[in-house]
Amino acid sequence: DAKTTQPPSMDCAEGRAANLPCNHSTISGNEYVYWYRQIHSQGPQYIIHGLKNNETNEMASLIITEDRKSSTLILPHATLRDTAVYYCITGGSEKLVFGKGTKLTVNP
Amino acid sequence: DTGVSQNPRHKITKRGQNVTFRCDPISEHNRLYWYRQTLGQGPEFLTYFQNEAQLEKSRLLSDRFSAERPKGSFSTLEIQRTEQGDSAMYLCASTSTWALYFGPGTRLLVL
Numbered sequence: 001d002a003k004t005t006q007p008p009s010m011d012c013a014e015g016r017a018a019n020l021p022c023n024h025s026t027i028s029g030n031e032y033v034y035w036y037r038q039i040h041s042q043g044p045q046y047i048i049h050g051l052k053n054n055e056t057n058e059m060a061s062l063i064i065t066e067d068r069k070s071s072t073l074i075l076p077h078a079t080l081r082d083t084a085v086y087y088c089i090t091g092g093s094e095k096l097v098f099g100k101g102t103k104l105t106v107n108p
Numbered sequence: 109d110t111g112v113s114q115n116p117r118h119k120i121t122k123r124g125q126n127v128t129f130r131c132d133p134i135s136e137h138n139r140l141y142w143y144r145q146t147l148g149q150g151p152e153f154l155t156y157f158q159n160e161a162q163l164e165k166s167r168l169l170s171d172r173f174s175a176e177r178p179k180g181s182f183s184t185l186e187i188q189r190t191e192q193g194d195s196a197m198y199l200c201a202s203t204s205t206w207a208l209y210f211g212p213g214t215r216l217l218v219l
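From first to last, the protein sequence lines stand for chains A and B.
So the first sequence is residues 1 to 108, counted in our numbering.
So the second sequence is residues 109 to 219, counted in our numbering.
These are calculated hints, taken from the structure and not from any lab test.
Source: prediction; values computed, not measured.
Positions of the beta carbon are idealized from the N, C-alpha and C atoms, including for glycine.
Treat the hints loosely; a few may be bogus.
[Stated by the list, open to error] Listed next, the in silico DSS-like pairs over lysine-lysine satisfying Cα-Cα at most 30 Å (straight line):
hint, chain 1, residue 1, chain 2, residue 2
1, A, Lys3, B, Lys165
2, B, Lys179, A, Lys103
3, B, Lys165, A, Lys95
4, B, Lys179, B, Lys165
5, A, Lys69, A, Lys52
6, A, Lys69, A, Lys103
7, B, Lys122, B, Lys165
8, A, Lys52, A, Lys95
9, B, Lys119, B, Lys179
10, A, Lys95, B, Lys179
11, B, Lys165, A, Lys69
12, A, Lys3, B, Lys179
13, B, Lys165, A, Lys100
14, A, Lys100, B, Lys119
15, A, Lys100, A, Lys69
16, A, Lys95, B, Lys119
17, A, Lys69, A, Lys3
[Unchecked claim] What the simulated footprint calls covered on chain A by chain B, stretch by stretch (three residues with Cβ under 8 Å from a Cβ of chain B suffice, anywhere in the stretch; the number is not a length):
hint, region
18, 4-14
19, 62-69
[As the list claims (entries may be wrong)] Label pairs and their in silico Cβ distance ranges:
hint, chain 1, residue 1, chain 2, residue 2, range
20, A, Thr79, B, Ser181, 33 to 43 Å
21, B, Ser174, A, Thr65, 40 to 50 Å
22, B, Ile120, A, Arg16, 34 to 44 Å
Chain B with its partners taken away, still in its complex shape (with noise of 0.2 Å):
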């Protein structure tokens, strides 16, 4: 197993565009979590699943911003109308006990 992917690594888009980003977690972790994270912070939580069910989200998740889990597996965040404040890394991470194992990140750029 290669660790948590995240695709695509870079997405350049227009204010107002949809995006929308995948993550494929470790084999066999049930928690999925994404984070988002701006220049010169640490990552802020944004939800996590467990298994298929969608647990938490922050209130920094606008009705804009949408994930899902759909089978357990890998999962989607999809953020609509976006604006330039979107403009961030987002993280994705895995696990099945008490570490959190990160992906490299998608990083977006809102113009």
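Chain A with its partners taken away, still in its complex shape (with noise of 0.2 Å):
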């Protein structure tokens, strides 16, 4: 089973900050918070991972609590091309178990 919680939908508007969060609160020490997202009708794309710093690349930014128990992705300024399934799993780098994600919608 995932070991994940998200909403199962968000909005945001074009042009906005999208702020998508994510609870992993029984994370171990070693697993990595891994990002990804499903356009309808393809296959998953990786976004972004991290340990325990915040992270940023050309797509998102990853900030994950001190704690580890929590994260959020930003994507920085929303377009109607990131409308997707965004996926929050924890893991090592073997197998990934996915949960149900959040769908995102955003709206011109």
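Grab the two chains, each in its own frame, and use the hints to assemble them into the complex.
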């Protein structure tokens, strides 16, 4: 079973920041936090991952709380193409267990 | 390199028939994964390979399912005696580091 909790859906206005929360209160010390997204009818796409420090790449930023029990994925300027299901996953470098994710809808 | 490819993209079969799917990973990726996804659910792990060795199989992978990666490159997933409950998207992913790179999937419909 997935070890993370995410809201089932969120809405965001185009051009605004999208902040997607994730709870992972049972994360262990050596587990990473991964974020993937899946646009309709496509395979999931890797976004970002982190262990305990905040991370940023060209797609998004990942903020992990100091106790590592939750994290937030930030899309700084959401576009319509960011409409997708976003999955927060914790684990090592081997198999990943996906939950149901958050369906993000970016509205014009 | 154009990423992970999967063939066929769509497959319709009758209950009881056998089907085989192929996955070509990104070159040099030593790990290859199979996942299954049904409508409204996240992908479910089926199995994974490190090179040609199958290291883990989910309990979802019944004895009707078999996966191979004979030379550590492409992989096949075979489903024997298909059932309507096998209807799903079958996703393949590969990696050599942290990020899984997924293919477009094979959508199976069992009538």
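The hints, checked one at a time:
With a C-alpha separation of about 19 Å, the suggested pairing of A/Lys3 with B/Lys165 holds against the 30 Å cut-off. For a cut-off of 30 Å, the pair hint linking B/Lys179 to A/Lys103 is broken: about 38 Å separates their Cα positions. A hinted pair counts as satisfied when its Cα atoms are at most 30 Å apart, and B/Lys165 with A/Lys95 qualifies at roughly 10 Å. Restraint check: the Cα-Cα separation between B/Lys179 and B/Lys165 comes to about 19 Å, which is no more than 30 Å; the hinted pair holds.
Between A/Lys69 and A/Lys52 the CA atoms are separated by roughly 10 Å; this keeps the pair inside 30 Å, and the hint holds. Restraint check for A/Lys69 and A/Lys103: satisfied, since their Cα atoms lie roughly 21 Å apart, inside the 30 Å limit. A threshold of 30 Å between alpha carbons decides the hint, and for B/Lys122 with B/Lys165 the separation of about 26 Å falls inside it, so the pair holds. With a C-alpha separation of about 20 Å, the suggested pairing of A/Lys52 with A/Lys95 holds against the 30 Å cut-off.
A distance of roughly 25 Å separates the Cα atoms of B/Lys119 and B/Lys179; the hinted pair therefore holds under the 30 Å criterion. A threshold of 30 Å between alpha carbons decides the hint, and for A/Lys95 with B/Lys179 the separation of about 21 Å falls inside it, so the pair holds. A hinted pair counts as satisfied when its Cα atoms are at most 30 Å apart, and B/Lys165 with A/Lys69 qualifies at roughly 29 Å. For the suggested pair A/Lys3 and B/Lys179, the alpha carbons sit about 34 Å apart, so the restraint of at most 30 Å is broken.
About 21 Å separates the Cα atoms of B/Lys165 and A/Lys100, which keeps this hinted pair within 30 Å; it holds. In summary, the hint linking A/Lys100 to B/Lys119 is supported, as the alpha carbons are separated by about 25 Å, within the 30 Å threshold. With a CA separation close to 19 Å, the supplied pair A/Lys100 and A/Lys69 stays within the 30 Å bound. Restraint check for A/Lys95 and B/Lys119: the C-alpha separation of about 26 Å stays at or below 30 Å, so the hint holds.
Restraint check for A/Lys69 and A/Lys3: satisfied, since their Cα atoms lie roughly 11 Å apart, inside the 30 Å limit. Check on the region 4-14 of chain A: 0 of its residues sit with their Cβ under 8 Å from a Cβ of chain B, so the three-residue criterion for coverage is violated. Counting residues of the region 62-69 of chain A whose beta-carbon sits less than 8 Å from any beta-carbon of chain B gives 0, not enough to reach three: the coverage restraint is violated. A C-beta distance of roughly 37 Å is found between A/Thr79 and B/Ser181, which places it inside the suggested range of 33 to 43 Å.
The hint said 40 to 50 Å for the Cβ distance between B/Ser174 and A/Thr65, and at roughly 43 Å that hint holds. Taking the beta carbon of each, B/Ile120 and A/Arg16 are about 42 Å apart, inside 34 to 44 Å as hinted.
Hint violations for this structure: numbers 2, 12, 18 and 19, all remaining hints satisfied.
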